[in-house]
Amino acid sequence: MLKVDQIDVFYGAIHAVKGLSIEVAKGEIVTLVGSNGAGKSTTLRTISGLMKPKSGTIVFEDNNIAGMAAHKIVASGLCQVPEGRHVFANMTVLENLEMGAYLRSDKDGIAKDMEDVFKKFPRLLERKEQVSGTLSGGEQQMLAMGRALMSKPKLLLLDEPSMGLAPLLVKEIFHIVQEINEAGTTVLLVEQNANMALSIADKAYVLETGKIVLSGTAQELASSEAVKKAYLGG
Amino acid sequence: MNSIKKHDLATLGACAVLFAIVQTLLFVDFIGPFWELNIILILINVILSVSLNLINGYTGQFSIGHAGFLAVGAYTGAIITVKLGLPFELALVVGTLSSALLGFLIGLPTLRLNGDYLAIATLGLGEIIRICILNIEYVGGASGLMGIPRFTTFAWAFWITIFVIFVIKNFKNSAPGRCCLAIRENEIAAETMGIDTTKYKVMAFTIGAGFAGTAGVLFAHYFYIAHPASFTFMRSFDILTMVVLGGLGSMTGAITGAVLLTAISAALAEYPEWRMVIYSLTLIILMINRPQGLFGSKELSLKMFGLGGSHNGRATESK
Ligand SMILES: Nc1ncnc2c1ncn2[C@@H]1O[C@H](COP(=O)(O)OP(=O)(O)O)[C@@H](O)[C@H]1O
Ligand SMILES: [Mg+2]
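If you read the protein sequences in the order shown, they are chains A and B. When we follow numbering that gives the first Met the number 0, the leftmost residue of the first sequence carries the number 0, and every step to the right adds one. When we follow numbering that gives the first Met the number 0, the leftmost residue of the second sequence carries the number 0, and every step to the right adds one.
Take these hints with a grain of salt, some might be off.
As the list claims (entries may be wrong) - Covered by chain B, per the in silico footprint, the following chain A stretches (three or more residues, Cβ under 8 Å): (1) 29-36; (2) 80-88; (3) 158-167; (4) 177-191.
Stated by the list, open to error - One-sided excerpt, in silico: chain B residues whose CB lies under 8 Å from chain A: (5) E35; (6) N37; (7) N185; (8) I187; (9) G193; (10) I194; (11) A262; (12) I263; (13) A265; (14) E269; (15) E272.
Because the hints were derived from the structure by calculation, they are not lab data. From the three backbone atoms N, C-alpha and C, an ideal C-beta is built for every residue, glycine too.
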């Protein structure tokens, strides 16, 4: 479904992503783990069109989307939940979700997906009319995810959804990621919390200073000595 | 939908009454030439602040070169009537469109910048426009373009102002308007939702610039002259002050800011030595007590007083 081939991404002179290749097949949860500054966010931002790669190709469902404008990429069915809960702070929860369906015009479908989102995130339903800037961190993360789902993506990119959340909430979020996947959405999950990410993923890549250093099934990586040592705390 | 239309009609009715009253007072000379001039100036400033509010308030971009677009409107409008001898109506249209076109051409590259960079770029742009005009002999260079007939009447200024307010208000509540608000709220999120952020920023900038041009045509055709000194960056700051004072992102605020500051400035015209002092003091006091502006980003409505029903006009209207 998604094939990233040998991309190089720069911030000015900083070579943040170096010849990176990953592949995501339909229906999978694929995770990209790595420590802070490894280039995970840069990779996601490049896939979703917020940044342009200097070289390499990104093929999504048979189209090369490398360097395409972000809004066109969203229209082709790929949606990113950016790191750090970017909600429309002065809009209500409901208005945020409506913005998520911005590119759609199938009213019935939108209404149905809205219901689904509220089913997945009952807290959002309780706070439907609340201004989203006043939500807690976890609720904002849920809102950002719910909003992305409203665009009905085929591939959902999640950038560190567990960041800064209490352990119980992290569990809840990961559980929902699994649910989303079971309902038919392919997921590319970026995480520092390798433990959690590997527990729900099918396939995993380990990123270090802009390069993939390890890859395999999530099970393989979870039991690999190198990964255990570097990311799973022994 | 029906209730919104009714609401608009009521507002229009109120405007007509206001217009009739002021027009009568002007006619019987109860309002003398000094205040007539200032009423026109207030209306022109309302157009300027409301149009700048579309860019800075609704879309969250920081433009401080609005006087440049005012100048373009003033000069192109004057060229149409003075140099080409064509009607005022055409001057209004051409003045508006040329400013809008310039806004579009300038907006495309500069709106990719953000925050401080955009401010500096627009500030520079305003000055470039002024200095270009200063050096074009065809439009009078440093001595300005003189002999412009006074076509701007209270009626023209009033109804054009109402029209501009109406257009911008409806734009805000339209689908593109929602995109502009989303960009203001969070540009990254807007982008990841599939909003073509550049397109909507340029759209808001173009409309805002165009209406500043309209104001320029009215301005030049009231004061008989278009002079480069009227369009310095101080003029841009004046407009920005009105918007910020009223509350960035509030239409009511932009209107109030323009009316208040122009009126204060006029009332103090007899005490030129105190004028800037009091003007500045007013600003300082207001900014200390209400840093978010008089209205914040809210609108004045009956609801504010706990009267009107559920007229919200935000998320719920049908497309
Ligand atoms: N806006 C930026 N300008 C310059 N360098 C950046 C910028 N954003 C990230 N970087 C650098 O790129 C590298 C990868 O960053 P990032 O993709 O954010 O890592 P991660 O998401 O894995 O923590 C880091 O070395 C970081 O310092
Ligand atoms: Mg990151």
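Consistency of the hints with the structure:
1. 29-36: Coverage by chain B is violated here, the residue count being 0 at a Cβ distance below 8 Å.
2. 80-88: Our answer is that it holds, as 6 residues pass the Cβ test (under 8 Å) against chain B, meeting three.
3. 158-167: Violated: only 0 residues of the stretch 158-167 of chain A have a Cβ under 8 Å from chain B.
4. 177-191: Result for this restraint: violated, n = 0.
5. E35: E35(B) check fails; min Cβ-Cβ to chain A is 40 Å, beyond 8 Å.
6. N37: Interface hint status for N37(B): violated (35 Å vs cutoff 8 Å).
7. N185: With a minimum Cβ separation of about 5 Å from chain A (threshold 8 Å), the hint on N185(B) holds.
8. I187: Since chain A brings a Cβ to about 5 Å from I187(B), closer than 8 Å, the hint holds.
9. G193: 3 Å, holds
10. I194: 6 Å, holds
11. A262: Status violated, d = 31 Å.
12. I263: I263(B) check fails; min Cβ-Cβ to chain A is 30 Å, beyond 8 Å.
13. A265: 35 Å, violated
14. E269: Hint violated; E269(B) Cβ to chain A Cβ min 43 Å, cut 8 Å.
15. E272: Check failed: Cβ of E272(B) comes no nearer than 43 Å to chain A, outside 8 Å.
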